[in-house]
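**Student:** What follows is each chain in one-letter form.
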Amino acid sequence: MPAAALTPLLLTLKVALFATLLATLFGVLFARTLGRKRSVARDVAESLLTLPLVLPPTVLGYYLLVVLGRNGVIGSWLLDHFGITLIFTWQGAVIAAAIAAFPLILRSARAAFADVDASLEQAARTLGLREGAVFFRITLPLAWRGVLAGALLAFARAMGEFGATLMVAGSLPGRTQTLALAIYDAVMAGDDARAAMLVWISLLVAIVVLLIAARLLQRRRP
Amino acid sequence: MQAFRRRRFVALSLAAALATAPAVAADLTVSAASSLANAFADLGHAFEVAHPGDRVVLNLAASDVLLRQIEQGAPADVFASADETTMDRAAATKSIDPATRRDFAGNTLVLIVAAAARVPKALDELAGPGYPHIAIGNPESVPAGRYARQGLVDAKLWDALQPQLVPTQNVRQALDYVARGEAQAGFVYATDAAVLKDKVRVALVVPTATPVRYPIAVTAASAHAQLARSFVEFAASADAQAVLGRHGFASVAR
Amino acid sequence: MTRLSVSVARHLQADGREFRLDVAFDSDADVTILFGPSGAGKTLTLHAIAGLLRPDRGTIRLGEQLLFDRARRVDVPTRQRGIGFVFQDYALFPHLTVAQNIAFARSRGWMQARGMDTADRQLLESFDLAACADACPAQLSGGQRQRVALARALAAAPRLLLLDEPFAALDAPLRERLRGELLALQRSRGVPMVVITHDPDDVAALGGRVIQLHEGQVRTPP
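Protein sequences, first through last, are from chains A, B and C.
Under the numbering used here, the first residue of the first sequence is numbered 1, with each subsequent residue one higher.
Under the numbering used here, the first residue of the second sequence is numbered 1, with each subsequent residue one higher.
Under the numbering used here, the first residue of the third sequence is numbered 1, with each subsequent residue one higher.
Be aware that a few hints might be false.
Claimed, not checked - Which chain B residues stay away from chain A? Per the calculated CB distances, all over 12 Å, these: (1) Arg7; (2) Ala26; (3) Ala225; (4) Ser237.
Said to hold, decoys possible - Covered stretches of chain B, going by a simulated chain A footprint (3 or more residues, C-beta under 8 Å): (5) 58-65; (6) 132-140; (7) 174-182.
FYI, nobody ran anything at the bench for these hints, they're computed from the structure.
Model, not experiment: these values are computed from the prediction.
Note that the Cβ used here is the ideal one computed from N, Cα and C, for glycine as well.
Looking at chain A on its own, in the form it has when it is part of the complex:
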């Protein structure tokens, strides 16, 4: 594989991986907090957290640019206290992709946790465990398949993130130009040969991810 294609591929995998980890962490956290009970307040909260899924990526990208930019609420705080800029960096791309993918994990995780037999969690409580321990020793081990399925969806979404990433991280070759952005730039520049090669690579990666997913989610026979 020519170096020109390897760079966006490796960058895409790096960004998608970190974005998925970030999204999974917060997805699991929020799913746990929302819990099994359904109430108006909780459903509203879940809807708000699911917004990135329905917002057009450019709208999401715009708001991220405003919030994470130098003059933004979070951006200026990061700059003043840590000297960190997120715009035009791969870390910014990670955040954009993580936010876009987060709702997928939230829903999957919440459903997976709710599917765990409540009496198992209750039994753990009667045996003296605090809520955190109940979650880590009972809920999570029994719900991991659902969470993993959500994480794989999130990974696919993060790999394909385009609109928000373009606005927040730009399309800087070697630094933030992921596969999706590289394909777009190649098409716009009239380089169909390069575009085609990048498309084939994206396809290959997608197939590999799906195969891995199928293996991981396969039920082991007892």
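Place chains B and C on chain A using the hints.
**Tutor:** Structure of chains B and C alone, referenced to chain A:
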């Protein structure tokens, strides 16, 4: 019986007449470079006033992108690009009617910084520490980026500034990044800087070996060739030149 | 003799149906039986005692400790009540082995304790489960599962043991045998028990204090 048949005949012929009548209300799709956004909005309105019933639909993007769309069959009637290179390619791929091609405006490339920022006096100051991000149109698809690259190559700064350059999708995005403070400097047209004159300041004019010229032409596959030709002629007319002048474009007689 | 005092009320609504629980009883017997037909509120009462259900009003006292008092806003969390619970479907942790189920309470933290200590091993032996220590609950028979559930609850050294229809899923000869074993267990460990059953044979065999429930209320005087 007879009356009914006659009424049906009248209805049918009316329908036929309407179907074959010349398009009374036509939509003229004008694909124009991003830097022409504001000026062409005004020109579009003026054209509509002069041609009641017809509508001008603006399609704005980087010139190369517009050409790609036209090459792939997008139904544009008029193409106005920000450099001759793109129009030359359009002619080579037979996407335009070469007889209708003419230059209609000129521009200058400038270096801008945020309004409150320190103004650099020369291009080589960009190599210093205060400019971690410099916005420039992607030279592979944006004429403004090509002009800027040419200017930087001529100033022997192109290689040195590579790590700092942020390529954008079109010249307006470069303008936005500087206005927003995400890029500390950027290369845009003088006309773009004027659009956000309270947010950005022109530091200096960038000399370009090729002058910035805007050619316009009727597309080869236009469905409204006659109307498109009127628009092209209109763009070169004195009235249109006055409008363009108000937006900061230079007049071009060709 | 630990005295159990329960006086609670709870109103439940689901799918347009209502249920009012309003029970009050005291008992310092070794074996207290909650007897009544299905839907009488026996399980709800047991859940309230364990802290798995929060009553609308009332008090629950075990020995010297006040476990619940709505008026004084006392509600000791389940994990601190020291009350063991054997669920109707046993609620064995499917992802853990028999040994791990029994040793579950030995660690109250986020990690399962490794191996078994002496006390847990004794339980394993006395419940005749040594042979299937490494088996998973799915591989056990009904009788074995019930014993694991009992052993697990006892491993936490509870002050009170609650059993919800412990013999319901078993056939007649097994039921007879296990009743005897349960009584022997009670005598040897001295842990007071509250047993739910709708089977009069259980009542006859286990003896102890019988409290009849019917449609959410206690029939016999406390």
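**Student:** Of all the hints given earlier, name the ones this structure violates by number, lowest first.
**Tutor:** none
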